[in-house]
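S.K.: The task is simple: from the sequences and hints, build the whole structure.
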Amino acid sequence: MLLALGASGCVLVRPEQREFLAEPGMTFGSEGIAGEQEEHVLSNREGSYGAGSVTGGGCGCN
Amino acid sequence: MRTAAALALATLVFAAPARADTAQIDLFSTLFYEFGGPLEMLVVNPAARVRANPIPELSLNLSYEADVVSGASVAVVDAPSADVDAITSATRLDDFRSVVSGGLAVQSPVGTLRGGYAYGWESDYTSHSFNLGARTEAFERNTTFDLSYARGFDQVCNLAQPRAQDPVERRRLDVSDGCFDGNDPDRAALDVSLQTFQGSWTQAWAPIFVTQLTVTGQLIDGFQSNPYRAVWLGRSAAQEHHPDNRFRYAASLGARLWVEPLNGSIHAHVRAYRDNWDVRSITAQLSYEQSIGGALRVRGHFRYYRQGAAAFFSDDYALRPRGQYFTGDRELSDMESFMGGLSLVWALTPGTEGADLGPLSSFRLVLKADYIHNEFPSFRYARARVPNVDAIVATLGLEMIF
Numbered sequence: 000m001l002l003a004l005g006a007s008g009c010v011l012v013r014p015e016q017r018e019f020l021a022e023p024g025m026t027f028g029s030e031g032i033a034g035e036q037e038e039h040v041l042s043n044r045e046g047s048y049g050a051g052s053v054t055g056g057g058c059g060c061n
Numbered sequence: 000m001r002t003a004a005a006l007a008l009a010t011l012v013f014a015a016p017a018r019a020d021t022a023q024i025d026l027f028s029t030l031f032y033e034f035g036g037p038l039e040m041l042v043v044n045p046a047a048r049v050r051a052n053p054i055p056e057l058s059l060n061l062s063y064e065a066d067v068v069s070g071a072s073v074a075v076v077d078a079p080s081a082d083v084d085a086i087t088s089a090t091r092l093d094d095f096r097s098v099v100s101g102g103l104a105v106q107s108p109v110g111t112l113r114g115g116y117a118y119g120w121e122s123d124y125t126s127h128s129f130n131l132g133a134r135t136e137a138f139e140r141n142t143t144f145d146l147s148y149a150r151g152f153d154q155v156c157n158l159a160q161p162r163a164q165d166p167v168e169r170r171r172l173d174v175s176d177g178c179f180d181g182n183d184p185d186r187a188a189l190d191v192s193l194q195t196f197q198g199s200w201t202q203a204w205a206p207i208f209v210t211q212l213t214v215t216g217q218l219i220d221g222f223q224s225n226p227y228r229a230v231w232l233g234r235s236a237a238q239e240h241h242p243d244n245r246f247r248y249a250a251s252l253g254a255r256l257w258v259e260p261l262n263g264s265i266h267a268h269v270r271a272y273r274d275n276w277d278v279r280s281i282t283a284q285l286s287y288e289q290s291i292g293g294a295l296r297v298r299g300h301f302r303y304y305r306q307g308a309a310a311f312f313s314d315d316y317a318l319r320p321r322g323q324y325f326t327g328d329r330e331l332s333d334m335e336s337f338m339g340g341l342s343l344v345w346a347l348t349p350g351t352e353g354a355d356l357g358p359l360s361s362f363r364l365v366l367k368a369d370y371i372h373n374e375f376p377s378f379r380y381a382r383a384r385v386p387n388v389d390a391i392v393a394t395l396g397l398e399m400i401f
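If you read the protein sequences in the order shown, they are chains A and B.
Letter by letter, the first sequence follows residues 0 to 61 of numbering that gives the first Met the number 0.
Letter by letter, the second sequence follows residues 0 to 401 of numbering that gives the first Met the number 0.
No wet-lab data here; the hints were simulated from the structure.
Watch out, some of these pointers could steer you wrong.
Claimed, not checked - Among chain B residues calculated to face chain A with C-beta under 7 Å, some are:
| no. | residue |
| --- | --- |
| 1 | Pro206 |
| 2 | Ala250 |
| 3 | Lys367 |
Glycine included, C-beta positions come from ideal geometry on N, C-alpha and C.
M.R.: In structure tokens form, the structure reads like this:
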């Protein structure tokens, strides 16, 4: 993936092409507290932990 | 002490909106109800979070959440036997956990630095947790890197028992009375130290496609057994005995694809997990989110989870012991879980559907409901299978941005 990124000149999506990436559904962690509470429930009822979604991605507007 | 710390944090955050450009208040509550026989469990998890930006470069947040737990649990997990009925002799369980936390984030053109602190307390457990994080974006915001580190200093209440005592002779804690008051010679506070490292790489590959790779490592050192639970070892029962050290690591890959003709998005997420207790798991999740009009989003999702048992798990320690450790924790046995549900987000901004929101710049209502079914093929309460294998999780939330 790093090679692909370098070969493309690093900028794969220009700012004017971000219309769909700005949609809430395209942002990781957009579930907010509801997502955190679901992770809390599941990590308490299963033997595993970690590597959940980190907020961000999407439009890169933040 | 607790009150003073909470007041100081509240002053810090609530003083800010006088000069604030934006502020946000989130109110959420999640209900978890696990049912099936006498081992039902109800957990209500209300949460409130306030965020304020006194200046664009600074964000402050303060939150409170609680877990209100009631149900029943099996105190002594027995080996297969005809004359033991562990389930109907389960003990009642009621607990109340509170967590207050605060943090700040400083933004610059280079990236964001953040830090926070959380204090949690309940009748038999306390925790102090500090976290630090950093985020930066590159290649015209096509790429985001995020690193975080959290350090926890927890204490769990237990019966005061000599450390040199043989684990098979240790008794379980029956009630939390006297915990942390310093005057009860029968109670001891045992330390648990936690360190969590996480890194993520988020990448926009195309105008309709973005991925996120996340890696987590966690080190836990200290008492990690359930102090209330005992395990039948043949001649007698002893408090369950887990190793003091646990190293957990997980990696996940998420992808989101915009489906332009449908005005919706497909989300896929896979995770692999392993730890030094030899618990291994794989998780796969698939969702589809549909935008309806300008204000409504509906998401359907399905999640599958499968794990293998810890190296020291046995369903009969009298006949099949697994070394020096023994556990009665069903979450350390082989396990399979299926979860499916729907969520709905109704987001309004001034003018959307003719809305007049007054001082609000936006308003979101979140409704979410899931059904969970678990399978524990190798875990038994005496001869009985685990009865409480089905659960519902429902969330109601409100987000108000000023």
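S.K.: None of the hints should be skipped; say for each whether it holds.
M.R.: For each hint, the structure was consulted:
no.: 1; hint: Pro206; result: 4 Å, holds
no.: 2; hint: Ala250; result: 6 Å, holds
no.: 3; hint: Lys367; result: 5 Å, holds
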